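Colleague: Note that the protein sequences, when read in sequence, are chains A and B.
Residue 109 in this note's numbering sits at position 109 of the first sequence, with consecutive numbering throughout.
Counting the second sequence from 1 gives a position; this note's numbering is that position plus 337.
Treat each hint with caution, since some may be false.
[To be verified] Here are some of the chain B residues that sit facing chain A, going by a computed Cβ distance under 7 Å:
{"#": "1", "residue": "Val437"}
{"#": "2", "residue": "His460"}
{"#": "3", "residue": "Ser480"}
{"#": "4", "residue": "Val483"}
{"#": "5", "residue": "Ser490"}
{"#": "6", "residue": "Gln494"}
{"#": "7", "residue": "Arg512"}
{"#": "8", "residue": "Leu521"}
{"#": "9", "residue": "Gln522"}
{"#": "10", "residue": "Thr525"}
[Said to hold, decoys possible] Derived DSBU-like pairs: lysine-lysine, alpha-carbon spacing no greater than 35 Å straight-line:
{"#": "11", "chain 1": "A", "residue 1": "Lys111", "chain 2": "B", "residue 2": "Lys416"}
{"#": "12", "chain 1": "B", "residue 1": "Lys339", "chain 2": "B", "residue 2": "Lys496"}
{"#": "13", "chain 1": "B", "residue 1": "Lys416", "chain 2": "B", "residue 2": "Lys339"}
{"#": "14", "chain 1": "A", "residue 1": "Lys111", "chain 2": "B", "residue 2": "Lys496"}
{"#": "15", "chain 1": "A", "residue 1": "Lys337", "chain 2": "B", "residue 2": "Lys416"}
{"#": "16", "chain 1": "A", "residue 1": "Lys320", "chain 2": "A", "residue 2": "Lys20"}
{"#": "17", "chain 1": "A", "residue 1": "Lys66", "chain 2": "A", "residue 2": "Lys320"}
{"#": "18", "chain 1": "A", "residue 1": "Lys35", "chain 2": "A", "residue 2": "Lys20"}
{"#": "19", "chain 1": "A", "residue 1": "Lys66", "chain 2": "A", "residue 2": "Lys111"}
[To be verified] Negatives, chain B to chain A, calculated, CB over 10 Å:
{"#": "20", "residue": "Pro365"}
{"#": "21", "residue": "Leu384"}
{"#": "22", "residue": "Ile409"}
{"#": "23", "residue": "Asp414"}
{"#": "24", "residue": "Arg446"}
{"#": "25", "residue": "Asp447"}
{"#": "26", "residue": "Thr453"}
{"#": "27", "residue": "Asn455"}
{"#": "28", "residue": "Thr461"}
{"#": "29", "residue": "Glu478"}
{"#": "30", "residue": "Ala489"}
{"#": "31", "residue": "Ala617"}
If you are wondering where the hints come from, they were derived from the structure by calculation, not from laboratory data.
Remember, predicted model here, so these are calculated numbers, not experimental data.
Note that beta-carbon positions come from the ideal geometry of N, C-alpha and C, so glycine has one too.
Here's the letter readout for the chains.
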Amino acid sequence: MTSNSRIELVCPAGSLPALKTAVDHGADCVYLGFKDATNARNFTGLNFDANAMREGVRYAHDRRRKVLLALNTYPQAGNWSAWTAAIDRAADLGIDAVILADPGLMAYAQKTHPALRLHLSVQGSATSYEAINFYAERFGIQRAVLPRVLSLPQVEQVIANTAVEIEVFGFGGLCVMVEGRCALSAYATGESPNCNGACSPGKHVRWEQTPSGMETRLNGILIDRFGDGERAGYPTLCKGRFDVGGETYYAIEEPTSLNTLELLPDLARAGIRAIKIEGRQRSPAYVAQVTRVWREALDRVMRDIDGFRVQPAWIAELDKVSEGRSHTLGAYYRPWK
Amino acid sequence: MKLALGPLLYYWPRQATLDFYAQVADSPADVVYVGETVCSRRHELRLDDWLEVAAMLRAAGKEVVLSSQSLIESESDLKALRRIVAQADFRVEANDMSAVHLLTGAGRRDWIAGPTLNIFNPHTLALLAESGATRWVAPPEMSGAVLAELLASGAPQIKTEVLAWGRLPLAHSARCFTARHFNLQKDTCEFRCLGMSDGLVLRTREGEPFLTLNGVQTQSARVHNLLADLSSVRRSAQVVRVSPQGEHTIRVLQLFRESADERLAPQEAFRRSAECMVEAPCNGFWHGRPGVEQYVPS
Chain A
1 MTSNSRIELV CPAGSLPALK TAVDHGADCV YLGFKDATNA RNFTGLNFDA NAMREGVRYA
61 HDRRRKVLLA LNTYPQAGNW SAWTAAIDRA ADLGIDAVIL ADPGLMAYAQ KTHPALRLHL
121 SVQGSATSYE AINFYAERFG IQRAVLPRVL SLPQVEQVIA NTAVEIEVFG FGGLCVMVEG
181 RCALSAYATG ESPNCNGACS PGKHVRWEQT PSGMETRLNG ILIDRFGDGE RAGYPTLCKG
241 RFDVGGETYY AIEEPTSLNT LELLPDLARA GIRAIKIEGR QRSPAYVAQV TRVWREALDR
301 VMRDIDGFRV QPAWIAELDK VSEGRSHTLG AYYRPWK
Chain B
338 MKLALGPLLY YWPRQATLDF YAQVADSPAD VVYVGETVCS RRHELRLDDW LEVAAMLRAA
398 GKEVVLSSQS LIESESDLKA LRRIVAQADF RVEANDMSAV HLLTGAGRRD WIAGPTLNIF
458 NPHTLALLAE SGATRWVAPP EMSGAVLAEL LASGAPQIKT EVLAWGRLPL AHSARCFTAR
518 HFNLQKDTCE FRCLGMSDGL VLRTREGEPF LTLNGVQTQS ARVHNLLADL SSVRRSAQVV
578 RVSPQGEHTI RVLQLFRESA DERLAPQEAF RRSAECMVEA PCNGFWHGRP GVEQYVPS
């Protein structure tokens, strides 16, 4: 690792208090979205209007931190101008980079605001350097966020073959499917991450106590059923228990979080330029806790990569805020696949 | 209206696959997509075998397209993709931006933009058309109304194809859910999906068929069926796609042919298709509703 290859810690800000918390606890960048379908965390009560964003940018810039704006859903013919207006607003507000998934929108941003830095969103589903280099050549993207599907050697391979900065997910909710390639939520509820910025949205969720246990449903579809003493989870449809071939189990994935702390030296040696913490839908308390641990770990790895050891206290802290209080290396660890 | 047979999404034994395409040669399909799009570990037919199948279908008068893999993870995936792009005999369906990059780099201007490219607006469609795409397949989750609006708002000269039959390909993952079902890892999967002619059904705990596990791909359990909606489909699309299934695919192609040629009324075609379906039908996506629904406009 060379001295100039500082790895940025990119933290979630679902609200102004969360943004301030992330900055105060050591985030290099915060990422956020507008209060509408232009970003992939379009949940009630989350995200920023123009005033809050202006205040957030001021707060971060005063402390020499960056603000990245996620505009990572796919606009359609009928609502195109809402997305371009969001890009214009981002440039106006002095956002440091926009995180985009749609090629048409990238072309618009490049043409209209040539100085605006473009990042390829994880929703762009670019899993190889050939795909990433396409976006770099055509639209001048400077960073790409990798979907959570590559093993560590595959991440190294990507970095070795592109000049684009690579950002990877370090911690938070685990998307089991390739981001930008999943229509499960659209199939069940009519609302999709791609078009509406929502997965398994709350308005379709129902919890119901029945004689066979607590049932969680998504638009009427039974996602899971919990016995006495079991904690009923949110019905994210890929983390439910289903029957396959007469066996009932978490057929797609357990409710668990991604945590790559132990891979940090390997990721640093591979040359990642940023590590992303997932969780714009989470509270400022979550942001504080996770940012603090990751700040400490990143500082440690950048100071002494060979001496880096995961502190048990870090894991204990992170497991407190993990889904199901458990964690996985996901696809970075090949046998997970 | 042209009739296309999409790429085979399941892993069938070699002979079953060859027998199937021998039947396809005599079917009413105008366009046939061949090749492996789901999993790089599936090798009953290698690229050279697919090229032979393609040549046979072309000799039978079909327009043949080589489909590329949807999820590209490794250097060997890219190597396979480069071979597909390098051959000049057949057009290529690009199912990932890696393929678009290689095709444009090779100066090819005759390819098809596949359903996983996330083309949701006329600006992105125009970009791909300028890059050499001559046809595109709308994302399965796109409704008929949104598609019509896209095409009406100054879309470029490019042909449109719509998935009109088959289990909906809903998601791709790095994880193989079929291997997981058998407590195996993907790297040592023992090719358990081989011979599951329509995948592995996932049911809710109430026994309701919900999804289908097909290796790293997750599909709907229900069969997306636009036979009754063909009159609105043809207003936007020049090509309709039927996705291969374990049985009755040729019969499905015939129903589409008769219906497209207006020899069979849409409702009657839909009624007759009941015997060809492994699960209940759905058409919600086309009507801007949850994809799982079977929606009957009033």
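Colleague: Run every hint past the structure and note whether it holds.
Modeller: Evaluated hints:
no.	hint	in the structure
1	Val437	6 Å, holds
2	His460	3 Å, holds
3	Ser480	10 Å, violated
4	Val483	5 Å, holds
5	Ser490	4 Å, holds
6	Gln494	17 Å, violated
7	Arg512	5 Å, holds
8	Leu521	10 Å, violated
9	Gln522	5 Å, holds
10	Thr525	9 Å, violated
11	A:Lys111 to B:Lys416	34 Å, holds
12	B:Lys339 to B:Lys496	11 Å, holds
13	B:Lys416 to B:Lys339	32 Å, holds
14	A:Lys111 to B:Lys496	27 Å, holds
15	A:Lys337 to B:Lys416	21 Å, holds
16	A:Lys320 to A:Lys20	22 Å, holds
17	A:Lys66 to A:Lys320	28 Å, holds
18	A:Lys35 to A:Lys20	18 Å, holds
19	A:Lys66 to A:Lys111	23 Å, holds
20	Pro365	29 Å, holds
21	Leu384	18 Å, holds
22	Ile409	4 Å, violated
23	Asp414	7 Å, violated
24	Arg446	16 Å, holds
25	Asp447	18 Å, holds
26	Thr453	6 Å, violated
27	Asn455	6 Å, violated
28	Thr461	4 Å, violated
29	Glu478	4 Å, violated
30	Ala489	8 Å, violated
31	Ala617	14 Å, holds
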